[in-house]
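Peer 1: Sequence:
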Amino acid sequence: MNKPSRAFAKPLRELLGKVVGDTFKRQGFASAELVTRWTEIVGAEIAAYSEPIKMQWPRPPSPSMRAASGRQDTNRHDPGWERPPGTLILRVEGPAAIEIQHLANVICERVNRFLGWRAVERIALRQAPLRRAARKSRPVIDPAAAATIAAGLSTVADEDLKQALARLGAAIRRA
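All residue numbers in the sequence shown are consecutive under my numbering, ending with 176.
Note that these hints are calculated values from the structure, not bench results. Watch out, some of these pointers could steer you wrong.
[As the list claims (entries may be wrong)] Capping the alpha-carbon separation at 25 Å, the derived lysine to any residue pairs in SDA-like fashion look like this:
1) K163 x A147
2) K55 x F115
3) K55 x C109
4) K55 x A97
5) K55 x A33
6) K163 x V141
7) K55 x E34
8) K55 x A105
9) K55 x R123
10) K163 x A151
11) K55 x I42
12) K163 x A152
13) K163 x P144
14) K163 x A145
15) K55 x R119
16) K55 x L131
17) K55 x H103
18) K55 x T37
19) K55 x R84
20) K55 x P85
21) K55 x G117
22) K55 x R111
23) K55 x T88
24) K163 x G153
25) K55 x W118
26) K55 x A125
27) K55 x I99
28) K55 x V107
29) K55 x I101
30) K55 x R132
Between the sequences and the hints, there should be enough to build the whole structure, so can you do that?
Peer 2: Structure (structure tokens):
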């Protein structure tokens with residue numbers, strides 16, 4: 002007799018990948034990596050003042066326009082068809098917009114190199130504050146609590162390790 006197969010839990014990346022992927026597709030991104038790895042792609046200097054909002058792709062010309070221009074009917078299923086490059090829309094903090102505008106060619110080059118094809122032809126800027134979560138400041142550890150814990154760690158010979166364990170213990174005690 003065959004046992005019914007157990008349903009195993011799916012990895013979170015499989016479940017969220019579909020939801021997040023659909024959101025990125027609506028914004029014109031072929032891949033979520035352009036947003037999630039923005040700092041790696043363009044560098045820390047540019048990423049500190051900009052973030053991608055969406056990609057705008059040009060509409061393919063209608064058949065009547067292709068016929069009027071003398072171009073043959075090209076369709077994306079043809080082997081020689083190449084998608085025309087789009088426009089990457091960036092959210093940029095106000096004072097940095099001029100600098101980012103001057104670096105547009107560099108940004109296009111880096112994004113295209115990352116994607117592996119000429120996906121971005123130009124950059125459009127939208128001035129607005131960046132949507133980044135405020136970073137939490139490091140918790141302040143009470144030196145008296147750390148010293149008390151360090152005194153109880155007499156069996157630890159390495160002084161640096163003892164201090165690190167004392168700081169960890171004080172942080173855990175505080176939480």
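Peer 1: Could you run down the list of hints and mark each one as holding or not?
Peer 2: Results of checking the hints against the structure:
1. K163 x A147: Given that 25 Å is the threshold and the Cα spacing comes to 10 Å, the pair holds.
2. K55 x F115: Judged against 25 Å, a Cα distance of about 16 Å means the pair holds.
3. K55 x C109: Holds, at about 14 Å.
4. K55 x A97: 19 Å, holds
5. K55 x A33: Between K55 and A33 the Cα gap is close to 11 Å, so the pair holds against 25 Å.
6. K163 x V141: 18 Å, holds
7. K55 x E34: 13 Å, holds
8. K55 x A105: At roughly 15 Å apart (the allowed maximum being 25 Å), A105 and K55 satisfy the hint.
9. K55 x R123: 13 Å, holds
10. K163 x A151: 6 Å, holds
11. K55 x I42: With a Cα-Cα distance of about 16 Å, the restraint between K55 and I42 holds, given a limit of 25 Å.
12. K163 x A152: This hinted pair holds, its Cα atoms lying about 9 Å apart.
13. K163 x P144: Holds, at roughly 14 Å.
14. K163 x A145: Satisfied, since the Cα-Cα distance of roughly 15 Å is no more than 25 Å.
15. K55 x R119: Roughly 16 Å separates the two Cα atoms, so the pair holds.
16. K55 x L131: 14 Å, holds
17. K55 x H103: Holds. K55 to H103 sits at ~20 Å (cutoff 25 Å).
18. K55 x T37: 13 Å, holds
19. K55 x R84: At roughly 17 Å apart (the allowed maximum being 25 Å), R84 and K55 satisfy the hint.
20. K55 x P85: 16 Å, holds
21. K55 x G117: Given pair K55, G117 holds - Cα atoms ~18 Å apart, limit 25 Å.
22. K55 x R111: Satisfied, since the Cα-Cα distance of roughly 16 Å is no more than 25 Å.
23. K55 x T88: Holds, at about 9 Å.
24. K163 x G153: Within the cut-off at roughly 10 Å; holds.
25. K55 x W118: Roughly 18 Å separates the two Cα atoms, so the pair holds.
26. K55 x A125: 10 Å, holds
27. K55 x I99: 20 Å, holds
28. K55 x V107: 18 Å, holds
29. K55 x I101: 16 Å, holds
30. K55 x R132: The given pair, whose Cα atoms are some 14 Å apart, holds under the 25 Å limit.
Every hint from the earlier list agrees with this structure, and none is contradicted.
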